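Residue numbers (this note's numbering), protein chains in the order written: chain A, 1 to 524; chain B, 525 to 769; chain C, 770 to 1389.
Calculated directly from the structure, the hints in this document are not laboratory data.
These figures come from a predicted structure and were not determined experimentally.
Cβ coordinates follow ideal geometry from the N, Cα and C atoms, glycine included.
Don't take every hint at face value.
Going by beta-carbon spacing under 10 Å, a handful of chain C positions derived as facing chain B [said to hold, decoys possible]:
no.: 1; residue: R1035
no.: 2; residue: A1036
no.: 3; residue: P1037
no.: 4; residue: W1041
no.: 5; residue: D1070
no.: 6; residue: E1223
no.: 7; residue: V1291
no.: 8; residue: L1301
no.: 9; residue: P1313
no.: 10; residue: A1314
no.: 11; residue: G1317
no.: 12; residue: S1321
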Amino acid sequence: MTTAIQRPTRPPFYRDVTVLKWVFQIVFLIGIVTVFWLLGSFSIANLAKQNLAVSWDFMARPVGFQVAEGFTTLPESGFQALLVGITNMLRVTISGILAATILGVIIGVSRLSHNWLVNKLATVYIETIRNIPLLVQIVFWGIVVSIIPDIVVDETSDGSLKSLFGLRLLPEGWIFASPKGFAMPWLVPTDGRWQWVGFMIVGAVAALYAYRWRIRLQEAGTAEARAFLWSGGVLVAFAIVGTFAHPVMGIFGPVFGFVAAFFQNTPIIIFQIVLAGLAVGGAYYIIKKRLDELRTPAGLGKLTDDDWFRLAMAAVVASGLALFFLLQSGPVKAIVGQGTIFGQEIGLSQLFTGLESRFSFVSGAPFDFSLPAIDGRFNNYAADAGHVITRAYFALWIGVVLYTAAFIGEAVRAGVLAVPKGQTEAGFAVGLRRSQLLRMIVLPQAFRIILPPVGNQYLNLAKNTSLGIAVAYPDIVQVGQTIFNQTGQTIPIVISWMAWYSFVSLTLSAIVNRWNKKLKLVER
Amino acid sequence: MTDQAIIDCRGVKKWFGDFQALRGVDLEVTKGEVVVIIGPSGSGKSTFIRCINRLEVHQEGQIFVDGIELTNDVRNIEAIRKDVGMVFQSFNLFPHLTIMQNITLAPIWVKKQSKSEAEAYGRELLERVGIPEQADKYPGQLSGGQQQRVAIARALAMKPQIMLFDEPTSALDPEMVKEVLDAMKELAKEGMTMIVVTHEMGFAREVADRVLFFDYGQLVEAGTPEHFFTNPQHDRTKLFLSQIL
Amino acid sequence: MAEGTVFVETVELAPEPPPSGPVQWIRENLAYSVSSTITTIVIGLVVFFGLRALIAWFLNPFRKWSAATANARLLMVQAYPDDQFIRVWISVGIVVVLAGLSAAAWRVAGKVSVGQVAKGLLSVGSGALVLALLAPGGLTGGRVIFGSVGLVIAGIGYMWKRARKSSVNEPVISTVALAGLALVLIGVFLWTVKLPVQEVFADGSKEVTNQLIARSTKLPWTVQLLVLAVSYLVGVAIRDSISSLRRILVGLWALSFPAILMVVMRAPDIEWDTVLSVDLPIFLAIGALVGVILYVIGAPDAGEWKYIVSAIWLVLAVLWVLFSWYLFDPASSSPFHFTSSAADVLKRLEFKFPLILGALFALAAPSFGGARAARLRYIGVWLGALVLLIMSFRLGAASSLLELSGTAFVGGLSLTFTLAIAAIVLSFPLGVLLALGRASTMPIVRMISTTYIELVRSVPLITWLYIGSNLLNLFLAGVVDIFSVVRAITAMTLFSAAYLAENVRGGLQSIPKGQYEAADAVGMSVVQKTVLITLPQALKAVIPALVGQVISLFKDTSLVSIIGLFDLLYIARNVIPGQSANIGSILELTVVAAAIYWIFTFTFSRSSMRLERRLGLGTR
């Protein structure tokens, strides 16, 4: 019965499952790399034929074009032009997400309404919007704005203005509409706004603590929570006090200055070592964690070939990164602010220097009230008066908001319907009121189901802002396209686009995933 | 290895991450023998029989099936899987294929039989498990007991030398257990080598040549059914039997 | 209590009908509480004035709707040559015939209850009546006619509905009869309704007049309607005698698209000399050679050497193609210098690609070969695939006989459809492979697939279209001057494949682990497991998601107008409003384009819902 246990005999390599698996993968990898290498060398050869070489020089050089709107309309360099595109894209994305969420929830709730008229109206809305391409809708809104009658300046009576909207309800000259877009009164930020924002960050922390405090009181049974009311009140109080007291934040100026000087003056080799150390330490942590997972009281569990691959990958990537940081001081210098990247000084040191200059006991209101104005021969809106919503911005914004709201509405409806009916009945059975039932039973459960598809819609909205190019909205795609029309540098522009959109997608999905996980943990 | 041993396991060990599922199992099964494996859940008995046709890969030790060693060798894996049939707890019939297609799929594509040949044998097998009239239905239209009998027929269609049963009756309603056990008894009578993981002690007592008790990834005790149920030796076995009998 | 109490004398009373009627309906749906009444009134007023303004806008005599109706042909097929226009009708005819046959083969005909029909009539009629009443302006003839027609239809519907209530058995109508009625109505409309049409006179002057729906299309459409009816009837007649009708139809649908696009619409100039002197010998030689190899390799007792031979064969064939394509152009000395045209490259590659195909067939041969009959069938499949491959090379290399004003022989709505169908069809295999790669147990393959999918999905389509239109020519310029539509199709295919892969992955994840184990336990190879077990189940599970993707791809095709392709939106937005007669019609045309997109997308999403319900009722 007791036969000796031998080592399993090894099959010839061409019949060994593990060997075949890795040979196949390596051949596959080589194939992919070859294809990319061919395509790359090919495009370089073709560029050379047009006397072009791939170069990022345009990032540092002045560009010869104006951007239609943004924090500056005359960018100093290609880099700044792309940055204007990025901020413009973020402007539409953030305001679009807010508006689409509100509208979407309204649509979703209307779809669930017992009122026939409301219900049908929401259905018609969804079926209309969802089935027409977003681009057509954006183009449509652009055309609609462009056929608004232009503003007529009445020459005789000292430049008093005629325009279309709102003049009956509001004082003359408050709101304008013209083919160029809309203009309305606005709180224009002043130099003091940075300190005020800093003040509000402190306020937000305070509001969070107020929220937790009220919840604790409720749990202790001493008072009803009204947590939202309290934290909102704290925030409002900070906003009001901050309007006058924000120069207090000036004390942080020197702190930022000190940090900036630290990044500027510490020898670069120290940062290189720290970064290389972080890379190695990270890999060490990952490998150790993995090995610990496989360790049993009796010793190390068996490592499969995939385990070996994973550990080797971590080690290789980490040592590659560490070597890169140690041998290449340029990128590290750029990161801490001792050098330049694309000819720009945009490192940590510059960031803190900027903060230092903005936190310097500037007094006065953080925002000024400002009315729109008309200037120039072509009746343009004055750039620094009131708030101007350009035609392109409006068309893109209303387009993505209406479109995304339709999808969010469907997600909300599906989520609420997915909460089992028994939950509602159980809620009533324990004596909850209808509002309590919604707030405590239905919504928390529906929210978990709604969040993933809505997160997806946020991502789609962010990507869909690129359609602004159809109405000449200067987002990163439109600006990039202008640059490559001028310089012929297609490949760097494409890389910038990919980098930016990947960054946005990863960030947004990371946020949504985090929320998702949090909600799931609460459930268990 | 003795000549008549059709399955020979030596020191088989297996880990799932840091959990050791098998801690060195030695077992020889002779041709025509019916072995029943019992034991508490998580004792490694399912993992063990899944190692025999390499649904799980054992990490240490050796397994020989019909003289062929189970290694990374693709040729050996192919050969052993043609030789070993398996019946699962949850039937695992292919839902998009008819009963006949389920049975003839492997003979046609793996054994390269002609369709008519495979179907003729398939019909014979359905006859043997007692559901000849269901050939053109889909698995979803059959009861659990019928599905499991189809699964037995599907495994037999490859004309295996050995049949593995992984808790074949655990997912069945009580009134359907008997029909499946009857089909298995029939098979045992015909001299098929069988390894059966089950909780059906009646079946073990009636059919088994040998009963094995697994616990903590080890083979704790083995013996004939009479010996096993009347006079267990090990404390763990006694405790287990007292809980289920 | 000793005595029982009897409450009712007889128990066989007829059930009382639930409270109904208009007042009851309003009380339940519009005014069930104070707040709901207020909401109804406020929303009702908004809807009232909104609709009124909308109708006023549509009926405003300043609207240039004639810009759309007069340019219907431009919107549909751009400037397809007049003398070759019969090709367009043949293409439509092919689709119509297949649609008719499929409707019969899949037995779409069903029954609708009279109640549903009556309800439909009632809502259509009352809708028309409401619109007529809402329209601003005086008591015009049009309003009276529209309103009274609506009133009559609603009245018929209402009476019918009332009448139905008294009858016990609900009568049903066949949907085929209804569809036939609809066809007749459409026919009548074709011959009676007048629309503004642009007429070009001999001296070149143009005039817009009201005519029957484009005289030139009246007859062809009537013929198409008849063809539809006839092909349905033919389908009904043959569906019981031909058992594999459905499978044949699926194949025909798959072939119809390339056939319409490359043969019917493009009118290729096929050089029959070359076909006989080059293609036929290539086909015979490679077909026979590989056929023999497949016969040997497919034998059940062939050893492992068969895999090694096929793998080496594949690697060599791929290297040969790459090197002959990229590196050693006979016409030049430097390795990266190219002068050849697309047609030349296709000609040079035409017998090297078949070798790659052959190697792939050889790799799969052990999985699908076996007994003699199976091997012969497999060789048949190989020969069929070879014919298709060589034919597509020949058609791609042939020049077109059409004399076109622009570069593309498809434009307008036909381009929109071409893009959508080509992208979804081509992305299908790639997407499935990516999904399998992402679900694979091999870490490097998984990593590459995941990177591709996530990178493509995080960047918007318009960016990919720019990359396609700029980089693709940079990659391949000189070798192949890729035609702008093909560039757009390539970009959309690569884009769509990533989304498709995610959908298919969902399907793969829905397959229980036991299915793989059962396949392993009976000794199936990886290829057999994938083709016979995994994919059929995964794809069936994701059909609704795939239809959703087709819909969104259809909408996304509008993006090609940004890179200057003449699709429906581009023609509506940039071409027609640019004509001197139609200046200032851009808003109307955008609305028309939106309506066209809406009709197709809406129809499609509705039918997908029906499909989903049908699948739900299936064997699962």
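Consistency of the hints with the structure:
1. R1035: 38 Å, violated
2. A1036: Interface hint status for C:A1036: violated (42 Å vs cutoff 10 Å).
3. P1037: Hint violated; C:P1037 Cβ to chain B Cβ min 40 Å, cut 10 Å.
4. W1041: 41 Å, violated
5. D1070: Because about 9 Å separates C:D1070 from the closest Cβ in chain B, which is inside the 10 Å limit, the hint holds.
6. E1223: The hint is violated - C:E1223 has no Cβ within 10 Å of chain B, the shortest such distance being about 27 Å.
7. V1291: The hint holds - C:V1291 has a Cβ within 10 Å of chain B, the shortest such distance being about 4 Å.
8. L1301: 7 Å, holds
9. P1313: 17 Å, violated
10. A1314: 18 Å, violated
11. G1317: 22 Å, violated
12. S1321: 27 Å, violated
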